[in-house]
Amino acid sequence: MSLPLEFWIVLWKIVFVGVVCLFGGMAVWVTIGGVFDIKRLFARIAASHEEDKNKAESGKLNPKSEI
Amino acid sequence: METATGQLSQTAVEVLSKTNFSTVDWVIVICYPLISVVLGIVASRFIANMKDFVTAGQSLGTCLGIATLTGTELGLITVMYSAQKGFTGGFAAFHIALAAGITTFVVGVTGFLIYRLRAMGIYTIPEFYSRRFGIKTQILGGVMMAFGGILNMGLFLKVGSMFLVGITGMSDQHLPLPAAWGLPAIPALHAIMAFLLLLVLIYTCLGGMISVVLADYVQFIVLSFGLLLTTALAVWELGWADIFTAVQQIKGPAGFDPTISEGGFGFEYIVWMGFLGLIGCSVWPTSVARALAAESPRTVKKQFMWASVSYTIRFLVPYFWGICALVFIMGHDAQLKELFFPAAEGAKGVDNLYAMPIFLGRILPPVLIGIISAGMVAAFMSTHDSYLLCWSTVLTQDVVAPLFGNRLGPKTRIWLTRFFIVLIGAYVFYWGLIYEGSEDVWDYMAVTGAIYFTGAFALLAGGLYWKRASSTGAVLALLAGCSAVFGLTPVQNLVGIHAPSARVGLFSIAFTLLAMIGGSLIFPDKPKPEKEDAATTESPETT
Chain A
2 MSLPLEFWIV
12 LWKIVFVGVV
22 CLFGGMAVWV
32 TIGGVFDIKR
42 LFARIAASHE
52 EDKNKAESGK
62 LNPKSEI
Chain B
75 METATGQLSQ
85 TAVEVLSKTN
95 FSTVDWVIVI
105 CYPLISVVLG
115 IVASRFIANM
125 KDFVTAGQSL
135 GTCLGIATLT
145 GTELGLITVM
155 YSAQKGFTGG
165 FAAFHIALAA
175 GITTFVVGVT
185 GFLIYRLRAM
195 GIYTIPEFYS
205 RRFGIKTQIL
215 GGVMMAFGGI
225 LNMGLFLKVG
235 SMFLVGITGM
245 SDQHLPLPAA
255 WGLPAIPALH
265 AIMAFLLLLV
275 LIYTCLGGMI
285 SVVLADYVQF
295 IVLSFGLLLT
305 TALAVWELGW
315 ADIFTAVQQI
325 KGPAGFDPTI
335 SEGGFGFEYI
345 VWMGFLGLIG
355 CSVWPTSVAR
365 ALAAESPRTV
375 KKQFMWASVS
385 YTIRFLVPYF
395 WGICALVFIM
405 GHDAQLKELF
415 FPAAEGAKGV
425 DNLYAMPIFL
435 GRILPPVLIG
445 IISAGMVAAF
455 MSTHDSYLLC
465 WSTVLTQDVV
475 APLFGNRLGP
485 KTRIWLTRFF
495 IVLIGAYVFY
505 WGLIYEGSED
515 VWDYMAVTGA
525 IYFTGAFALL
535 AGGLYWKRAS
545 STGAVLALLA
555 GCSAVFGLTP
565 VQNLVGIHAP
575 SARVGLFSIA
585 FTLLAMIGGS
595 LIFPDKPKPE
605 KEDAATTESP
615 ETT
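Taken in sequence, the protein lines are chains A and B.
Take 2 as the starting number for the first sequence in my numbering and just add one per residue.
Take 75 as the starting number for the second sequence in my numbering and just add one per residue.
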């Protein structure tokens, strides 16, 4: 029991056009939002290193034992 | 068409050399990957420990997470094997893309597996094995994962390089070496393989996950817009309605209806693809690595919901390009048709992996073809870097480090990871030179991947959602995953069985789940002290 050929042709047309349009919109959003995320990524890593350094200096953490 | 000696005739070489690829495009393709190398050098300044190297400090936001997920999974190898599937299966192959998109969206909404994994704050899947099932399972899981994964990426370098030689019209050309070396000219394919591998190794070794993430972001931008533009040009060249009409004439209903088994798919194959879609986003280590690098469990869910669009498009668009290549070859170029589908009985056609790059080489104008090729090379590199980093990290963190009683320092671990990256790179180059399989690349990858992921799925699902899952059950499930190897044609020939890879894959899943359940019920773990138990099965909501 298979569905008529017309059903599949229309389905694949809708899926293709719909997903391509959705992806186009998402590509613009991710391109812009990614710049802000990169800035945040480096800020967080720098802050994390600073925190580790402070902890090591105060003797709370031995950096050599950290994985 | 190939002659009796296996060489292509002069006419065939001339037909395959026709392309719009120009000198300017070469400059673009060569210069573009250097951006990634520079990013690797810049990122290396931020590497202070293994957490930075492996998970970018677990600081990825939603947009960067989507970009890097897309960058990794929309690799050149994906584009190539998907185009091949579109070429051989027509529009019916679209069901694979749909299955991947739907399952990824469901995983994003429910957080199935990934949410709890991220909430545990682990770096790798075998680390979860260790916390849930013990160190022996971690080591065995790490070995199985690396074995299946490295075998899986064995064809990446060759297939990726085939795109470049196909689109540039160099598929049957040789490059001369300096006369002083006294060596014969080497195939262009091998030279491209060596060049690309060298670039990938340099920046992956230098920057770890941070350089991977940055390279993925740049690659996302170039490739996303490149994909859309190329698709528009393909439709412009062939005509939207004509593409559907041509597929109907060439393949009949099997070119659209995936339930027809004569088209190479059928219900069994659809179910197998549904499971692969689930695995691809929630169990496959490179995807899970992005989930584990996210800044929070909530971000992971959001990231996967949006990435479901990327998971669909990464198959859908290349399928469409493969279909367009088929329509172009069959209806627009008689010489190409004769090369790919020789009329003479017993004659061997050109490898259909070359169909899509040759088609793009004919329809894209100069400069744009350079940008698209550069984007593809970037896609190739971003996939390679992620996979190299993933498998080398597993070997370091989950196999070697536990064997040394976890006494290795952070610097030793980073250098060990870099050593494995180079070692795996050498293997990929060697495998690309010697392997001559005849099956579709996608089916090869599904089977080799199944060696790892069938067992891994049982362990993750059992370990995260079933309290009675035991370490014996876990070990048995991992070993049962090896049954997937019977899906490979050479293995089937060896043992004298013949079954579709989809059937073997589904059997393997059932077998691993059975091993997990049976092993856990028959050999339950000894009850742990309450405090330890709480630490290993921590609820994500309380983290």
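Among the hints, erroneous ones may be present.
As the list claims (entries may be wrong) - Covered, in the sense of this in silico footprint (three residues per stretch, anywhere, with C-beta under 8 angstroms from a C-beta of chain B), are these stretches of chain A:
#	stretch
1	13–26
2	33–43
Claimed, not checked - Ranges between beta-carbon positions, derived for each pair:
#	chain 1	residue 1	chain 2	residue 2	range
3	A	T32	B	G483	50 to 56 angstroms
4	B	L249	A	E58	23 to 29 angstroms
5	A	G19	B	P439	26 to 32 angstroms
6	A	L6	B	I104	19 to 25 angstroms
7	B	K422	A	L23	21 to 27 angstroms
8	B	H406	A	G26	53 to 59 angstroms
9	A	L6	B	L568	56 to 62 angstroms
10	B	L588	A	S59	38 to 44 angstroms
11	A	G19	B	H572	55 to 61 angstroms
12	A	G26	B	A417	19 to 25 angstroms
13	B	G483	A	S59	17 to 23 angstroms
14	A	T32	B	V441	17 to 23 angstroms
Since the hints were derived computationally from the structure, they do not count as laboratory data.
Glycine residues also receive a C-beta, built at the ideal position from the N, C-alpha and C atoms.
(Q) A range of 17 to 23 angstroms was offered for this pair. Does it hold for the Cβ distance of B:G483 and A:S59? (A) For B:G483 and A:S59 the Cβ distance comes to about 21 angstroms; the hint holds.
Q: Confirm or reject the claim that A:G19 and B:P439 have a C-beta distance inside 26 to 32 angstroms.
A: 28 angstroms Cβ-Cβ, so the 26 to 32 angstroms window holds.
Q: Could you tell me whether the CB distance from B:H406 to A:G26 stays inside 53 to 59 angstroms?
A: Distance hint for B:H406, A:G26 is violated at roughly 32 angstroms.
Q) Honestly, do A:L6 and B:L568 meet the 56 to 62 angstroms range at C-beta? A) 41 angstroms, violated
Q: Could you say whether the range 50 to 56 angstroms given as a hint is met by the Cβ separation of A:T32 and B:G483?
A: Hint violated: Cβ distance 39 angstroms, outside 50 to 56 angstroms.
Q) Has the hinted range 19 to 25 angstroms been met by the Cβ atoms of A:G26 and B:A417? A) 46 angstroms, violated
Q. Within the assertion that chain B covers the stretch 13–26 of chain A, do at least three residues meet a Cβ-to-Cβ distance smaller than 8 angstroms?
A. holds (count 9)
Q.
The hint says 38 to 44 angstroms between B:L588 and A:S59; measuring C-beta to C-beta, is that right?
A. At roughly 53 angstroms between Cβ atoms, A:S59 and B:L588 fall outside 38 to 44 angstroms, so the hint is violated.
Q) If you check the beta carbons of A:G19 and B:H572, does the distance land in 55 to 61 angstroms? A) 39 angstroms, violated
**Q.** Assessment of proposed distance window 23 to 29 angstroms (beta carbons of B:L249, A:E58)
**A.** Given range 23 to 29 angstroms: violated, Cβ gap about 56 angstroms.
Q: Note whether the CB distance of A:T32 and B:V441 lies within 17 to 23 angstroms or breaks it.
A: Holds, at about 21 angstroms.
Q. So does A:L6 sit 19 to 25 angstroms from B:I104, Cβ to Cβ?
A. The hint (19 to 25 angstroms, Cβ to Cβ) is violated, given that A:L6 and B:I104 are roughly 47 angstroms apart.
In terms of the numbered hints stated before, the structure departs from hints 3, 4, 6, 7, 8, 9, 10, 11, 12, listed from lowest to highest.
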